[in-house]
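Student: Okay, here's what each chain looks like letter by letter:
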Amino acid sequence: MKFRCERDDLLGAVQFASRAISNRATLPVLSGLRIEANETGSVGVAATDLELTMQTALQAGVDEPGLGVVPGRLFNEIVRNLGSGQVSLASGEGEIEIASGRGHFRVRTLMPDDYPALPVEEGTPDSISVEMDSGVLAGSLAQVVRSASSDESRQVLTGVLWEIEPGRLTLAATDSYRLAVSEIEVEGGPGEVVKVILPARALAELGRALQGTGGRVRTLVRENLVTFFLTTGGQEGSGGESVIASRFIEGEFPNYRRLLPEGYPNALTVDRESLLETVKRVGLLAQNNLPVKLRLAGELEVSAHTPDVGEGQEVMDAEYRGESFVIAFNPQFLHDGASALRTKRVVLEAGDGLKPALLKGEDESTFTYLLMPVRLS
Amino acid sequence: MNQEIKSTTSSETTVWDVLHLSGSPHIPSSLKVPHAWLLLGPTGSGKRATALAMAAAFTCPDLPGVGCGVCSTCTRIISGRHPDLHLIAPEGQVISVDAIRVGVIPEAARSPFEGRRKVFVIEEAERMHPSAQNALLKTLEEPPEGTIIILVCDREDELLETVSSRCRVVHFQRVPCEAIQAILEAEAAETPVARLAARIADGDINRARAFALEPEAQSRHRSFAGVPARLTSSLEALDAAAEIVTEAATAVKGRSEAQKQEVVDLAVALGEGRGTASARASLAKRHKRELRRLENEVLNEALWTIGSWYRDVLAARRSAPDAIANLDLKADVVRWAAASEPDDGLLVAAIHRCAVTPGALARNANPSLAIEAALVDLARLAPPPPESPTMD
Amino acid sequence: MTGAPSNILHVDMDAFYASVEVIKDPSLAGVPLIVGGQGGRGVVTSASYEARAFGVTSAMPMIRARRLCPHAVFVPNDFSAYTEVSAKIGAVFNSFTPLVEPLSLDEAFLDVSGSVKLFGHAEAIGRRIKGRIAELGLTCTVGVAPNKFLAKVASARAKPDGLLVIRPEGVEAFLHPLPVTALWGVGAQTGEALERLGLKTVGDLAHIPRRTLERALGDALGAHLHSLAKGNDDRPVTPGEAAKSVGSEETYPHDLDDTEVVLREILRLADRTAGRLRAKGLCGRTVTLKVRFSNFVTITRSRTLPEEVDATADLYGVTRATYLKLDPARPRIRLLGVSVSGLAPGPPARQLDLLSTTTGPRRQEASKAIDSIRNRFGERALDLASLLDPP
Chain A
1 MKFRCERDDL LGAVQFASRA ISNRATLPVL SGLRIEANET GSVGVAATDL ELTMQTALQA
61 GVDEPGLGVV PGRLFNEIVR NLGSGQVSLA SGEGEIEIAS GRGHFRVRTL MPDDYPALPV
121 EEGTPDSISV EMDSGVLAGS LAQVVRSASS DESRQVLTGV LWEIEPGRLT LAATDSYRLA
181 VSEIEVEGGP GEVVKVILPA RALAELGRAL QGTGGRVRTL VRENLVTFFL TTGGQEGSGG
241 ESVIASRFIE GEFPNYRRLL PEGYPNALTV DRESLLETVK RVGLLAQNNL PVKLRLAGEL
301 EVSAHTPDVG EGQEVMDAEY RGESFVIAFN PQFLHDGASA LRTKRVVLEA GDGLKPALLK
361 GEDESTFTYL LMPVRLS
Chain B
378 MNQEIKSTTS SETTVWDVLH LSGSPHIPSS LKVPHAWLLL GPTGSGKRAT ALAMAAAFTC
438 PDLPGVGCGV CSTCTRIISG RHPDLHLIAP EGQVISVDAI RVGVIPEAAR SPFEGRRKVF
498 VIEEAERMHP SAQNALLKTL EEPPEGTIII LVCDREDELL ETVSSRCRVV HFQRVPCEAI
558 QAILEAEAAE TPVARLAARI ADGDINRARA FALEPEAQSR HRSFAGVPAR LTSSLEALDA
618 AAEIVTEAAT AVKGRSEAQK QEVVDLAVAL GEGRGTASAR ASLAKRHKRE LRRLENEVLN
678 EALWTIGSWY RDVLAARRSA PDAIANLDLK ADVVRWAAAS EPDDGLLVAA IHRCAVTPGA
738 LARNANPSLA IEAALVDLAR LAPPPPESPT MD
Chain C
770 MTGAPSNILH VDMDAFYASV EVIKDPSLAG VPLIVGGQGG RGVVTSASYE ARAFGVTSAM
830 PMIRARRLCP HAVFVPNDFS AYTEVSAKIG AVFNSFTPLV EPLSLDEAFL DVSGSVKLFG
890 HAEAIGRRIK GRIAELGLTC TVGVAPNKFL AKVASARAKP DGLLVIRPEG VEAFLHPLPV
950 TALWGVGAQT GEALERLGLK TVGDLAHIPR RTLERALGDA LGAHLHSLAK GNDDRPVTPG
1010 EAAKSVGSEE TYPHDLDDTE VVLREILRLA DRTAGRLRAK GLCGRTVTLK VRFSNFVTIT
1070 RSRTLPEEVD ATADLYGVTR ATYLKLDPAR PRIRLLGVSV SGLAPGPPAR QLDLLSTTTG
1130 PRRQEASKAI DSIRNRFGER ALDLASLLDP P
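Quick note, the sequences are listed as chains A, B and C, same order. Under this note's numbering, the letters of the first sequence match residues 1 to 377, in that order. Under this note's numbering, the letters of the second sequence match residues 378 to 769, in that order. Under this note's numbering, the letters of the third sequence match residues 770 to 1160, in that order.
Among the hints, a few may not be true.
[Said to hold, decoys possible] DSS-like cross-link-like pairs, simulated, lysine-lysine; straight-line CA separation at most 25 Å:
#, chain 1, residue 1, chain 2, residue 2
1, C, K1094, B, K665
2, B, K662, C, K1094
3, B, K515, A, K195
[Claimed, not checked] Just a few of them, taken from the derived set where beta-carbon distance is under 7 Å, the chain B residues facing chain A:
#, residue
4, E522
5, L643
6, V645
7, A658
8, A661
Quick caveat, the hints were computed from the structure, so don't treat them as lab data. Glycine is no exception: its CB is placed at the ideal position from the N, C-alpha and C atoms.
Input sequences plus hints: build the corresponding full structure.
Tutor: Laid out in structure tokens, this is it:
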């Protein structure tokens, strides 16, 4: 393998793919970056931690097509510290040579034969394809990913459910204490509803990669994985699409629609920013996983008490319909829900102190957050 | 070996040939194969190699259901470096529940990375802690799509019934002497060495391979086989025990040198920086446990070899010289047999003493004390006859 | 040899649970009475002296006790009654000195150094305590000595209903004729090892140079026994410990050397501790594991959780992880203990669950159900699945 390219292009590609570098001791080759130079003048840079695969390409003058796996972190550091300008790379027996200006580096490489086959090629005709705005998808992921569980004993809950139907994609995640559901519009889609569960960790990376790209995302659902093709809006000089792929989590996601209550008698409407600030302040006195208490009435009284530490209380303006009562929540969960919303005012609907409460935007229905209260001792 | 898995028809080279398992398997290529297998049989009867061959057969794209043995998928499976092959082995004495919770359950819940199936091979499955077995149960019962679990196990009685009853059981026998010899010769061992290795290994292909291919193993064997002749008193027994323990320590030292290279390789791959510490720590932990295990293995080898000496003497006394395993020491065996006390019961007791001590070691007994106690007993049970030859 | 005055008391109730049962049902007085779990795996927790005459001892499997003394009256444990009476006994102790260190429901150390001016010398205090306890319908044995170790040995020698005073000048005469097994920390195994060395009595032990003992038994045990044989023990009486934590510990007749067995014992102790917490209506945040190895090295490791807990699964989860982190290469464990401190009134506040399966209120209900079954049928009536030894 031998090619020349611009340092800035190489750095962009290396930094993109490096996010999927893995530190597993069992398959050390995964700590490398897989670099493949093609006759067409494009150089692919890829990494995978098996959960998440990230690949992108850059334009280069390819003198000799070929494949090499370089130690990821070190290579990233070297490229980052090179000056702008042309870089040339050439691989030899068990090593790679990097030359830039008057600098010269030789680095031991890893075994390319050990590298797993990357799942980045095009799908088969029966693969399902939908397309959407990348900013919209990024926003929707930010709303739901945080609600996924980190409890490895319930694998299905560590993922986010994707329900794909013509013109619509619904994302849902729950850690069994709260449930977040977000809907977005898409182009295309299968004849009937297709459901897949994708690992939350991989989606968090996808969300980060999508941020500020401003282009479109094409999503391809295949037999054993989902591939996202990112067309980066207007980055000239790059060699083409970036690809992110993720495996599924197999299993049945809980029927979340059944959990959503229909019409509670009690509804509180408050300013979202004020709620966030109040919960954050009062929450300082709800330590050790203790809850904040909300007294729902014409005014909203938020209070917390930690034994041996102290207590806090704050009253907020609110509009309230229903009977006055107290409901307690984990302050972080409440804060997560309110911060995922985007409207000026939010509505909290509740049955009683033991039933799940519903948090949504005023006059807005694309995002719903269901939150289980804390039973007081 | 086993009739269910292999047959002898194909003329093409397959993974079964590559792994010296000869013949091609009856693994159905449809997804309707049993998803849980239990390969059961004595140490060194080819279970692990068969498990790898099965994994290749399940995933090989070129020769599905058989495994071509030469494609990228097969070669990476054979070397244990395929993303859809998950090898779980004891770290130290047990496979902990965390090994199952981290290594099996989340991976089983994911779709395969490359192909349509993912294979979990759990080596020394009998060392799974009962809580680990319980953690595995649900996955065994309702495996996620495309999941195949192969348990490799020496002793079924350590497995919970709920585990073994959910598996298709395949029984393995000790590998016949001639077969071992043929395999070793195919792996480039000289015929006389291969022949001796096959004899002393008693159907254990791993032990035979170590003997045939590692000079250290041969020198250890000579030294261990000479132990019985030295057991003239308790004091001599203590000396011999100390030497055996030193042998184990030497082997451990050799391995720890090899481990240093692995640490360097990992360092090259990972580089410095955030997040690499846990991979380093995990490697260090594995190394430490490997060393502890290796120590036990050498001690077991010593006990086995010493036991084989008494077995040989017994064979010679019962006029069955063909059964003598230590071919290289046959003359000494015969001389001892002729000169020793006429009570075969004591020989049997000595053989038994050698056979039970590995169990104590496996239960974390202090190795020095366990070996000392065994050799002191042997010196009492079956001391060398007065006119027996002295070994060099 | 210690020069301190004999101001430490060890008060040990005689056949405590059995005696409480007699208070509850006076018709049981004078008959062989055996208290304990009545299930197939139950053990004797207490036996009246009439039953002990037949060889029944506490901690004996109930099945064996039934064989030894078939005509005895068998009664299940009633911990709430024992706890209640124990509180009254504690009040008696506290009326003589604030320095009371309860060891369990039925025994305690008292330091009366500051009380002799008020109540007379230590022996007199011992007699007054015996009198006050007799008013409750119970008997006890009191050991009076210069330190905790000697006081405990003294009470053991004076049972039942006795009082034995060891004065500083009489320590040697008292201690030296005793068998080595009377020393704290000498079980059957160490006893045999000592006997092989020709050491049968404490006096034999006291006359051996410390270095020799350390060489023969290992540094820790050797030094420990040497010090005890001289009658030395400088542990202070530490009051109020029991109120600040709830726990359970066990010394094993044979060292535990198998991780699996250790974890099972930890589970058993965690379960017992959780039951005690709930019985007292408490929960706590700091969970402590105590491990004493065969060389008497004792380590305690505490972890403070983000929220209070009172369930077996939580206590076991923490102590198990703590133990596995210690990761002793070849464990030889003599004692294990699980305790909870940082106590608060229970039950803990609980985040409710949308999909509600194993956590939340249901698990608390399960814990409650287990407690009520155990209260009715004895502590071993409902063991967690993995506590049951393989057949």
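Student: Could you tell me which of the numbered hints above are not met by this structure, giving the numbers in increasing order?
Tutor: As far as the earlier hints go, 7, 8 are violated by this structure, in ascending order.
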